[in-house]
Amino acid sequence: MSDSTADLVTAAQKGDLGAFRALVERYWAMLVRLARSVIGEDEAEDAAQEALVVAWRKLHQLTEPHAFPRWVARIVLRHSLRRARRRPHTVPLEAAGDPGHAPGVESRVLVWEVLSHLAPRQRAVLHLTVVEGMADSEIGRALGISASSVRVHRLRARSRVSELLGGGKGNVPA
Amino acid sequence: MSRLENGQEIERFEERLREWGTRPPSLAAATAANRVLGLLSERRSPLPWLRLAAAGGVLVLIVIAAWVGAPRQPVTPVAITSAAMESGDVVQFWLDAETPVYFVLPEFGQNKGESS
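Taken in order, these protein sequences are the chains called Y and R.
Each residue of the first sequence is one higher than the one before, starting from 1 at the first, in the numbering used here.
Each residue of the second sequence is one higher than the one before, starting from 175 at the first, in the numbering used here.
Isolated chain Y, as found in the complex (with noise of 0.2 Å):
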């Protein structure tokens, strides 16, 4: 069997489960990304392996066997935000210790603690661009939004981010 993702996926649409299983093993890493940094590490992977068995109903409504890697991508996103708006959770600052009086971001604030602190669409939006680096027009299409709600949802995120470390609001780059 040829291992492009465009024959494991029609394969796995004709009922190839070893063809499904060899796409879920090539893209795992990327939706466990994906997942976490919407929904945060303890929930990540049960919410990618919920959306592949999502992905492996409706994959007969895939026309497109190329598309394969943004279209799971969009559902483990999908599926995360819901899973995210249903049961939000919130790691107080604290926690971490005072970002206002730490020396820097490589302090002791962690990460998930401050992106806990945005919604989860902003928390998407800024995922996609700094950890996948993909394009406005792209993370619209992902989280289907227009491009510029994507920009608004970023800039809202950068804002909130430099609040909470200390920097207060109106002072982001965009």
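Since the hints were derived computationally from the structure, they do not count as laboratory data.
Some hints could be false.
No farther apart than 20 Å at their CA atoms in a straight line, the calculated lysine to any residue pairs in the SDA-like style are these [stated by the list, open to error]:
no.	chain 1	residue 1	chain 2	residue 2
1	Y	K14	R	L214
2	Y	K14	Y	H60
3	Y	K58	R	E216
4	Y	K14	R	L211
5	Y	K14	Y	V53
6	Y	K58	R	L214
Assemble chain R onto chain Y, guided by the hints.
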């Protein structure tokens, strides 16, 4: 904090976010694939509560069928074993040795055609 300092602070945060975000998952890809396939086969088989409900339904049907099909105590027709005239207007029937039935006959013509 100035805009420049703030920008540097955010840059440093995003650098940490990049490191944090690109860490490999704790679950290996092969193990994750096994789990996902396990979830798929679980979802395919009927849910336990569905099986339980089906078993309950079958039980109810069996009980109903047993009740409907159970042999009934046959209703035996009452046989009058004997009858005797007790007096002029009382007839005594014996349904069995211990069950007498008295039948009182109205007087012939009583209350008939009499005006009040």
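Need the status of pair K14(Y), L211(R): alpha-carbon distance at most 20 Å? 16 Å, holds
With a cut-off of 20 Å on the C-alpha distance, tell me whether K14(Y) and H60(Y) pass. 9 Å, holds
Quickly compare the C-alpha distance for K58(Y) and L214(R) to 20 Å and report which way the hint goes. 13 Å, holds
Would you check the hint for K14(Y) and L214(R), treating anything up to 20 Å between C-alpha atoms as holding? 15 Å, holds
Between K58(Y) and E216(R), does the CA-CA distance stay at or below 20 Å? Cα-Cα ~17 Å, so holds.
Are the Cα atoms of K14(Y) and V53(Y) separated by 20 Å or less? 16 Å, holds
Comparing the model with each earlier hint shows no violations; every hint is respected.
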